[in-house]
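There are 4 protein chains.
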Amino acid sequence: MIDDAEFIRGKVPMTKQEIRVLTIAKARLRLSDVVVDVGAGTGSLSIEAAMCCRKVYALERNDEAIELIRRNVEKFAVGNVEIIHSEAPRGLERIGAIDAALIGGSGGRLTEILDAVDKRLNVGGRILLNCITIQSVSKALEWLRVRESYSSDAIQVQINRLERVGHINMARALNPIYIISAIKEA
Amino acid sequence: MIDDAEFIRGKVPMTKQEIRVLTIAKARLRLSDVVVDVGAGTGSLSIEAAMCCRKVYALERNDEAIELIRRNVEKFAVGNVEIIHSEAPRGLERIGAIDAALIGGSGGRLTEILDAVDKRLNVGGRILLNCITIQSVSKALEWLRVRESYSSDAIQVQINRLERVGHINMARALNPIYIISAIKEA
Amino acid sequence: MIDDAEFIRGKVPMTKQEIRVLTIAKARLRLSDVVVDVGAGTGSLSIEAAMCCRKVYALERNDEAIELIRRNVEKFAVGNVEIIHSEAPRGLERIGAIDAALIGGSGGRLTEILDAVDKRLNVGGRILLNCITIQSVSKALEWLRVRESYSSDAIQVQINRLERVGHINMARALNPIYIISAIKEA
Amino acid sequence: MIDDAEFIRGKVPMTKQEIRVLTIAKARLRLSDVVVDVGAGTGSLSIEAAMCCRKVYALERNDEAIELIRRNVEKFAVGNVEIIHSEAPRGLERIGAIDAALIGGSGGRLTEILDAVDKRLNVGGRILLNCITIQSVSKALEWLRVRESYSSDAIQVQINRLERVGHINMARALNPIYIISAIKEA
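Protein chains in written order, with our numbering: chain A, 1 to 186; chain B, 1 to 186; chain C, 1 to 186; chain D, 1 to 186.
Hints in this document: simulated from the structure, not taken from any laboratory. It should be emphasised that the depicted structure is a prediction, and the values quoted were computed from it without experimental measurement. There could be a bad hint or two in this list.
Note that the list lumps identical chains together, so a pair holds whenever it fits in one copy or between two copies.
As the list claims (entries may be wrong) - Mimicking SDA-like on lysine to any residue, the simulated pairs with C-alpha atoms at most 25 Å apart in a straight line are:
{"hint": "1", "residue 1": "75", "residue 2": "107"}
{"hint": "2", "residue 1": "184", "residue 2": "5"}
{"hint": "3", "residue 1": "11", "residue 2": "78"}
{"hint": "4", "residue 1": "139", "residue 2": "166"}
{"hint": "5", "residue 1": "16", "residue 2": "108"}
{"hint": "6", "residue 1": "16", "residue 2": "5"}
{"hint": "7", "residue 1": "16", "residue 2": "164"}
{"hint": "8", "residue 1": "119", "residue 2": "139"}
{"hint": "9", "residue 1": "55", "residue 2": "30"}
{"hint": "10", "residue 1": "184", "residue 2": "95"}
{"hint": "11", "residue 1": "139", "residue 2": "120"}
{"hint": "12", "residue 1": "184", "residue 2": "67"}
{"hint": "13", "residue 1": "11", "residue 2": "168"}
One chain only, chain A, in its complex shape:
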């Protein structure tokens, strides 16, 4: 588990530690796994994933984010992250079979991304979505509802940090995140 402050960050939004921890745990990564991180942002999830699996493709369209991923990959010295500077779902065409997909950003094309991920996902593979909008959650649940080969569950996570200010602790809310987990059963 890496602290948020250890990552090099710009203005690119970063998945917070608790959400990374839950996402990686629910992805049930194995050392032999090949993983794609769609909308990798600062690369924080890619790097945590890279520490427990064989290979991670970090897919990202934003120039500033690509640079941050590069610097974070270097800082954490993970040699198994391959950065793909492209937009999803197009960038997924360069990737072969995968065991897990971590989907953070979707740029409004979530359904197409899920279709593209599905084509590459091995049986037993997992899809983990971090959503911050009602619309993404709704689309993802609808996509999963009509696909009987997947079993899934979904949670909303709300974290309040009890920040110490002198002798007292004030609760500061982080924005809630939806985590959707799906397993391709067949």
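Chain A is already provided as a structure; the job is to place chains B, C and D on it using the hints.
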């Protein structure tokens, strides 16, 4: 119910609309009531209270806040708010019997404030606390626990605003607030 | 504000006090208003609304719920609630112009209900939705997004009750509710 | 990560999966660590810890819980969990130096337990508390506040499960948990 944006605000923290609504509702104000608002801040709660009871004392120690209360009282044209520029519990000495006390800020002297409020509170009167720190909640619950003349309940309220950004709605969390309600039964 | 325990309840789910308070406040009811409560359940919202407006239509399809509404209307002696035993949106055909619609249950036909409400809603009128599913929130936001005559906002409310157990207070979570408020501007 | 349903459970409350995942991650366990789980309950945390460290002492006073821990240890075939049927802090006397303490139940004696843990905790060691009451959080924060050798942080975690019911997903709230993490810096 007044929108947050209608109040004149400086850098003084303001009780958000939903919390004001719940606090005022739980205070069960009647038109004949005399109310004190301890740590009145921008005066938002004082003004909402003034619209449904006889008299409101707005107690506040901060200079900038006092000026904001004055301007908001003027803007909303409520003639029954008396501003007391003083620190609690000392400022409470100027006030006679009360039917309800709304306690927002306590400046770390919550126990003394509760003692001073208790002396002035009529039987049947209500105390409403809005707490943002674990320490205040803990103190208030401890104060109430050993006072059998009060019945009370406490909730934590977390509000997420689903802000529209183009075609999507992103959840933005407000900091959680504890609302403690107590009635002086005897 | 009425306590939850004061309502006669069966197995029909009831809108909790804090949600009722926020819903009624955001509906900005005036004494001259005509209101419809769609999916009235136990009638708790209808009764709170009836105490601050001219007329409330309580629309409900479930037999057991209808009986509970009758008994609650009698208990709280509100003479201005008219119960309509019918399914929405069909039951709405019996109603003329309205100033506010409170929509709790939709039975999966939310879009049709919103269309029917829209036809009867006066300019300046308000729609208040209490949603417990992602799908309802998503449908309601989509309905509102393409209707420029409405301005709206949406929140998610999470209440934790700090229940006293001996000398301690344990947080018990209520299920989160989405409250969507819309005003027909033109 | 183990699913909640895989543990053998009686009427003993069990730490939910997401809270276990966050607690274990924040405990930053290493393979060489000796860990004590105070108020082990069903043993769910002990077993997750046992899978990533050398030795776990599961301390529990309740007879039914002790039996559940035994059965879960057997089911998950973890050979490095030693069950201590005793009340904390007394049961801690049987244990030598430790690298991490997971404190779930405290039976109201949290301060004494923290003192006893502190005596045995190696420099660099971690204390992880899962609290469900305001009083425990408050006591733990107060204990930490006056001990400069510890650095700490605290969060409140609220999880809502989006349970599928037919074609819709209803949010069901889990009770919120406070997770306090402390590191003995010197």
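Tested hints:
1. 75 / 107: Classified as neither: same-chain Cα gap 27 Å, cross-chain 44 Å, threshold 25 Å.
2. 184 / 5: between (34 Å within a copy, 20 Å between copies)
3. 11 / 78: Close inside one copy (23 Å), not across copies (45 Å); limit 25 Å.
4. 139 / 166: between (44 Å within a copy, 16 Å between copies)
5. 16 / 108: within (21 Å within a copy, 32 Å between copies)
6. 16 / 5: within (10 Å within a copy, 27 Å between copies)
7. 16 / 164: Both ways: residue 16 and residue 164 sit 19 Å apart in one copy and 22 Å across, limit 25 Å.
8. 119 / 139: For residue 119 and residue 139, the Cα distance is within 25 Å only inside one copy (18 Å; across copies 29 Å).
9. 55 / 30: both (11 Å within a copy, 23 Å between copies)
10. 184 / 95: Answer is within; shortest intra-copy Cα gap is 18 Å, inter-copy 45 Å.
11. 139 / 120: Classified as within: same-chain Cα gap 20 Å, cross-chain 31 Å, threshold 25 Å.
12. 184 / 67: neither (33 Å within a copy, 36 Å between copies)
13. 11 / 168: Classified as between; 21 Å across copies, 30 Å inside a copy.
The structure does not agree with the numbered hints 1 and 12 stated previously, though it agrees with the rest.
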